[in-house]
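**Q** As you go down the protein sequences, you meet chains A and B in turn.
Just so you know, we're using UniProt numbering here: the first sequence kicks off at 1 and counts up by one.
Just so you know, we're using UniProt numbering here: the second sequence kicks off at 1 and counts up by one.
Please keep in mind that the hints were generated in silico from the structure rather than gathered at the bench.
A few of these clues could be false.
[As the list claims (entries may be wrong)] As a list, the in silico DSS-like pairs of lysine-lysine whose alpha-carbon atoms are at most 25 Å apart:
1. K163(A) to K9(B)
2. K116(A) to K43(B)
3. K24(B) to K9(B)
4. K24(A) to K54(B)
5. K34(B) to K116(A)
6. K58(B) to K111(A)
7. K64(A) to K108(A)
8. K162(A) to K149(B)
9. K155(A) to K149(B)
10. K24(A) to K64(A)
11. K228(B) to K50(A)
12. K58(B) to K50(A)
13. K27(B) to K3(B)
14. K64(A) to K58(B)
15. K24(B) to K34(B)
16. K43(B) to K58(B)
17. K132(B) to K149(B)
18. K111(A) to K149(B)
19. K24(B) to K155(A)
20. K50(A) to K149(B)
21. K163(A) to K24(B)
22. K64(B) to K64(A)
23. K163(A) to K111(A)
24. K62(A) to K34(B)
[What the hints assert, rightly or not] Stretch-level coverage of chain B by chain A, calculated; a stretch enters the list once three of its residues show a Cβ under 8 Å from a Cβ in chain A:
25. 9 to 16
26. 33 to 44
27. 51 to 62
Here a beta-carbon is modelled for each residue, glycine too, at the ideal position from N, C-alpha and C.
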Amino acid sequence: MSKPLKDHICEEQLFSSIFRTHSKNLHDFLYYKFGSQLNPQDKMQEAFVKLWENCAKIPQNKAKSFLFTTANNLMLNEYAHQKVVLRHRMIQPKHTTNINPEFILEEKEYKAKLEKAIAGLTEAQRVAFLMNRVEGKRFKEIAQLLDISTKAVEKRIYGALKKLRQDIDEL
Amino acid sequence: MNKEDLIQKWLDHNLNPRELEAFKQLKDYPNLIKLDQGLIGFKADTINEDDAFKNVLKSIDSLKKKPNKLFATLSKIAAILVIAFGIYFYTSTLDTTTYTIASQQKSIVLPDASQVQLNAVSTITFNKSNWKSSRNLVLHGEAYFKVAKGKKFDVKTNLGTVTVLGTQFNIKQRNDYFEVTCYEGKVAVNSKTKQIILLPGDTFLIIDGNYIATEKENVSHPSWLINKSTFRSIPFREVIAEFERQYNVSVEFSDFDGSQNFTGDFIHNDIETALKSITLPLQLKYSKTDNIIRLKRE
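This is chain A alone, in the form it adopts within the complex (with noise of 0.2 Å):
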């Protein structure tokens, strides 16, 4: 009986809660999909106030694809189908202790080699898969996140996989 109570989002709590279970996939999502150029997080807070905005007219239920779409359409407006690039950030190595140059040498070249072969993949699979492996989200929740089955998700992934091995192979 008390589901016509959530049934907008107008409430700053109700809100909130929302914000703190979908921005950091909707960021997350925007920046595999459209790389950081073109800041991913102000997209993301626009998309919140957005959906503040429109908060009487969205269902609770329907504000995760109100915000993705949202977002994802902010996002376009600005994209000039430029490629994306996303930049591979220099990790340090867990075990620092006994490096030589020569290992060094070859993690350089493998990274270079990942991020030709990352910008190789479609947009669909990028992000599938970037959240897969990245975020460690698990194929259902993909699904949820973009609308799409879980079948789908699968093949993305699983294609994305079989494509970059074999270009890394290649390079």
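Given chain A, put chain B in place with the hints provided.
**A** This is chain B only, laid out in the frame that chain A set:
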């Protein structure tokens, strides 16, 4: 379990311990783990949720303020409109006054298309907004009326009220001189001392409170409309007063009192001819300096 299934399950983070062992035995394992390690470098920037949420709330607050601003502007506009409308309403219900100075005539059309011709040094006042319900106007001086048919039409003067229903008439009220001439229709005159109904050609004349009977006149409009003042047995001082109004001069005389009657006319556009017209019949001489005219017996 074949290799592909294992890799799929690995990808889905869904290997049980036994499967994990099997997965580790795959010859692809080192390769996959290396790839997986490498991918960590692509991790999205971490965001500070609290800061981000504060930013969102801040933008929302600034949005909330906008409607207030809009409301403020709207209320300003509304206030201006109210004031403007108030002024309009106030002024539109005010009386309209038209006046003429010496040697000037004016023609006025009233809201019901009645026409008024105002002679020199005269004032007329009426109210536009309730003209439909009451056709009332106040006259000081002389005016010729051509009244459109309709309800009662009242002209108030200091010396009496003239009531008509749709007609043409002339009213002249100067100091203690009150003259009403009817040219068409019927005119009711209500002065302090006398009530009378005038028919076309009739003239009602009161000078210094005395009613003076006059003959029927057969003209269609007062002569001043064609720039001529006509008098029939009118005291000479009234003639001179009219002369002063038409030419904007002052006329002085000392060796007669101006009470003798004058019959005749003078025109409004030639002062020499006009002076002759009023002096010759009474055998007077005139001299003119600037705007002062002196009359003397011959």
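**Q** Would you mind marking each hint as holding or not holding in the structure?
**A** Status of each hint after checking the structure:
no.: 1; hint: K163(A) to K9(B); result: holds (18 Å)
no.: 2; hint: K116(A) to K43(B); result: holds (16 Å)
no.: 3; hint: K24(B) to K9(B); result: holds (13 Å)
no.: 4; hint: K24(A) to K54(B); result: holds (15 Å)
no.: 5; hint: K34(B) to K116(A); result: holds (16 Å)
no.: 6; hint: K58(B) to K111(A); result: violated (40 Å)
no.: 7; hint: K64(A) to K108(A); result: violated (39 Å)
no.: 8; hint: K162(A) to K149(B); result: violated (102 Å)
no.: 9; hint: K155(A) to K149(B); result: violated (95 Å)
no.: 10; hint: K24(A) to K64(A); result: holds (12 Å)
no.: 11; hint: K228(B) to K50(A); result: violated (83 Å)
no.: 12; hint: K58(B) to K50(A); result: holds (13 Å)
no.: 13; hint: K27(B) to K3(B); result: holds (10 Å)
no.: 14; hint: K64(A) to K58(B); result: holds (21 Å)
no.: 15; hint: K24(B) to K34(B); result: holds (13 Å)
no.: 16; hint: K43(B) to K58(B); result: violated (28 Å)
no.: 17; hint: K132(B) to K149(B); result: holds (12 Å)
no.: 18; hint: K111(A) to K149(B); result: violated (104 Å)
no.: 19; hint: K24(B) to K155(A); result: holds (23 Å)
no.: 20; hint: K50(A) to K149(B); result: violated (68 Å)
no.: 21; hint: K163(A) to K24(B); result: holds (21 Å)
no.: 22; hint: K64(B) to K64(A); result: holds (23 Å)
no.: 23; hint: K163(A) to K111(A); result: holds (16 Å)
no.: 24; hint: K62(A) to K34(B); result: violated (39 Å)
no.: 25; hint: 9 to 16; result: holds (count 4)
no.: 26; hint: 33 to 44; result: holds (count 10)
no.: 27; hint: 51 to 62; result: holds (count 6)
Checked against the numbered hints above, the structure violates hints 6, 7, 8, 9, 11, 16, 18, 20, 24; every other hint is satisfied.
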